[in-house]
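The primary structure of each chain is shown beneath.
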Amino acid sequence: MPELHGLGVSPGRTAGPVHAMGAPPVLPAEVPAPGPDETERAAKALQFVATSLDELAARVTGPAAEVLATQAMMAADMTLAEAVTAKVAYGRPAAWAITDAIADQQQQFASLGGYFAERAADLADLRDRAVAWLLDVPMPGLPRPGVPYVLVADDLSPADTALLDDSVLAIVTRRGGPTSHTAILARARGLPAVVGCAGILDVPDGTPVSVDGVTGAVAEVSPAQAEEIAAAGQEERERNASLTGPGQTADGVAVPLLQNVGGAKDLTPDGAGVGLFRTEFLFLGRTSAPPVAEQETAYRELFEVAGDRKVVLRTLDAGADKPLPFLGLAAEDNPALGVRGLRTSRVDPSVLAEQLEAVARAATATSADVWVMAPMVATAEEAAEFAALVYKAGLRTAGVMIEVPAAALKARQILAEVDFVSLGTNDLSQYTMAADRMNGELADLLDPWQPAVLELVALVASAGQELSKPVGVCGESAGDPLLACVYAGMGITTLSMSAPSVAAVRASLASRTSAECRRLAELALAAPTAESARKAVAEA
Amino acid sequence: MPTRDVVVGSRIGLHGRPAATVVKTAQAQSVTVRIGTGEKPPVDARSIIAVLSLGAHGGDTVTISADGDGADAALAAMAEVLEKDLDA
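Sequence lines, in order, name chains A and B. Under the UniProt record's numbering, the first residue of the first sequence is numbered 1, with each subsequent residue one higher. Under the UniProt record's numbering, the first residue of the second sequence is numbered 1, with each subsequent residue one higher.
Think of the hints as simulated: they come from the structure by calculation, not from any bench. Just to be clear, a hint being listed does not mean it is correct.
To be verified - The calculated label-pair distances, taken between Cβ atoms and stated as ranges, are:
no.: 1; chain 1: A; residue 1: S222; chain 2: B; residue 2: K24; range: 30 to 40 Å
no.: 2; chain 1: B; residue 1: S30; chain 2: A; residue 2: E82; range: 18 to 28 Å
no.: 3; chain 1: B; residue 1: P41; chain 2: A; residue 2: A103; range: 13 to 23 Å
no.: 4; chain 1: A; residue 1: L163; chain 2: B; residue 2: S30; range: 52 to 62 Å
no.: 5; chain 1: A; residue 1: E238; chain 2: B; residue 2: D85; range: 39 to 49 Å
no.: 6; chain 1: B; residue 1: D85; chain 2: A; residue 2: Q465; range: 41 to 51 Å
no.: 7; chain 1: B; residue 1: K24; chain 2: A; residue 2: R412; range: 52 to 62 Å
no.: 8; chain 1: B; residue 1: K24; chain 2: A; residue 2: V253; range: 26 to 36 Å
no.: 9; chain 1: B; residue 1: G38; chain 2: A; residue 2: S468; range: 49 to 59 Å
no.: 10; chain 1: A; residue 1: E118; chain 2: B; residue 2: S30; range: 28 to 38 Å
no.: 11; chain 1: B; residue 1: D85; chain 2: A; residue 2: V347; range: 21 to 31 Å
Claimed, not checked - These stretches of chain B come out as covered by chain A in the derived footprint (C-beta under 8 Å, 3 or more residues):
no.: 12; stretch: 14-22
no.: 13; stretch: 57-66
no.: 14; stretch: 71-82
Unchecked claim - Just a sample of chain A residues kept apart from chain B, beta carbon distances all over 10 Å, derived:
no.: 15; residue: T51
no.: 16; residue: E66
no.: 17; residue: A69
no.: 18; residue: G113
no.: 19; residue: R119
no.: 20; residue: A272
no.: 21; residue: L352
no.: 22; residue: T529
Where is the CB? At the ideal position from N, CA and C, for every residue including glycine.
Go ahead and model the full structure; you've got the sequences and the hints to work with.
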């Protein structure tokens, strides 16, 4: 096979035989004449699916078990059985009747939007299982080769990822971007992953390949090499995990490593605190804003776990893509460019005022060093208005996210109004490259190594140095061990990432001096393409 | 027929764990319990797909109804799980 390239989204290097996810069954183009017992056959197929999902649920624990048990309930559901019977009565054979009935139901879920719409994927999965049983073809889903392997798929669904076991060495998908479900899961599990890898589905099962989760390279190796690479990767992970202490370069320049969390349970003792506390969880699925007292309790919970460490709290980041009924936002054609983040205060300033009040109360009651920042800020005026609200609430440290190119270009003016800024590189890439984060086909444009994005990060970092104010990065890119060194070399002062990324970033920083990091930043900024930037830094 | 209005206590609404718990509770009753929202006609609460199709959010009011012997006890049991924050 030729060497393949995708986007490295979860660091680490390993190797092993590839095994592809079972493809969903395809109904024959010609619909056969229905037999006399199609209703019974359909019922048996659904019964088989319900039983096998229940068996899978019994083998796992936690949220994965619940997802599977609920899916089993769907397979055994009376409403579905009635709809299938109606389709059979209409003259459809079992596999077609189930496919039709589920398509109707999926449409109904889709029209509800949000979480309910996501259940359409659960229905698709149980349909595929039932149809595979009826057509007597292999079951779709995770391969179970019985040896450690590199999982290959078009893309992974949450149900697939819930079932990943220890035999998966790495993940390579044809679709997906840096913020896809696959990427987030792989990072959370510490598995090397490459997404957006064209050609990977053509590699025959069993071919040994090496996977580099930083450079995105996937290459065929001999079985002996594969063993060597996998062992070296394992050793490196163990070595990284054994390193502790604050993030710093080899010559002792501190680069505090913080964590991105959605609540107290995500924060581990490793690291200097929280660089991004997402507060949306309190607001989603509510018909009215959560009361101040309830918010205070939730914030306090995290501040208490943080002890006297730093916590950077991001105020509510909602918009038409994550609608909250009590904000009264109108539907929009381009929600990513609409009334989002701080802009929702234009519609209803009370939600932000109450949130800041709750944060201030929780901060007073605990010893955490609480910083507050607003998402989706585009101008220095917005930054100044937000900072005034933060100080008025009695909080000491106000900042903003730099996610919009306009804000990056005017970082100096913005920093003059606030105490710090934090770069959200996921959105900064999306807005700089005019490429939708949710569109897997555009993964190459969303690469945080894109020259234009790197240049904006460097611009913000130098504005921070000029004004002696902290500039952090809290996008997923901060968890890339190479990019972390590049950022440090640009003058970024803190890096915030999901907890499993901390060890590799700490080790990477510790292996280079601050002068070497500056040299890496120069190499990255001089490169004409994302790929050459990554390559130049990896080989330096 | 005994009916009761209940506010959905689960923040995330009737999907995931809350929906599964509500359906299992309905399946354990001796009578059929139906559940509806303002806009949607009542459905059999023993069907997870039907309950999901209501699209009920946290804070929404749902109406539950049941008939026959044990209807009141069934409604009480259902109201109890519906009002709780089952995702907490």
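Results for each hint:
no., hint, in the structure
1, A:S222 - B:K24: 30 to 40 Å, "53 Å, violated"
2, B:S30 - A:E82: 18 to 28 Å, "22 Å, holds"
3, B:P41 - A:A103: 13 to 23 Å, "22 Å, holds"
4, A:L163 - B:S30: 52 to 62 Å, "37 Å, violated"
5, A:E238 - B:D85: 39 to 49 Å, "41 Å, holds"
6, B:D85 - A:Q465: 41 to 51 Å, "47 Å, holds"
7, B:K24 - A:R412: 52 to 62 Å, "59 Å, holds"
8, B:K24 - A:V253: 26 to 36 Å, "57 Å, violated"
9, B:G38 - A:S468: 49 to 59 Å, "57 Å, holds"
10, A:E118 - B:S30: 28 to 38 Å, "34 Å, holds"
11, B:D85 - A:V347: 21 to 31 Å, "28 Å, holds"
12, 14-22, "holds (count 5)"
13, 57-66, "holds (count 4)"
14, 71-82, "violated (count 0)"
15, T51, "16 Å, holds"
16, E66, "6 Å, violated"
17, A69, "7 Å, violated"
18, G113, "8 Å, violated"
19, R119, "6 Å, violated"
20, A272, "30 Å, holds"
21, L352, "20 Å, holds"
22, T529, "43 Å, holds"
Checked against the numbered hints given earlier, the structure breaks hints 1, 4, 8, 14, 16, 17, 18 and 19 and satisfies all the rest.
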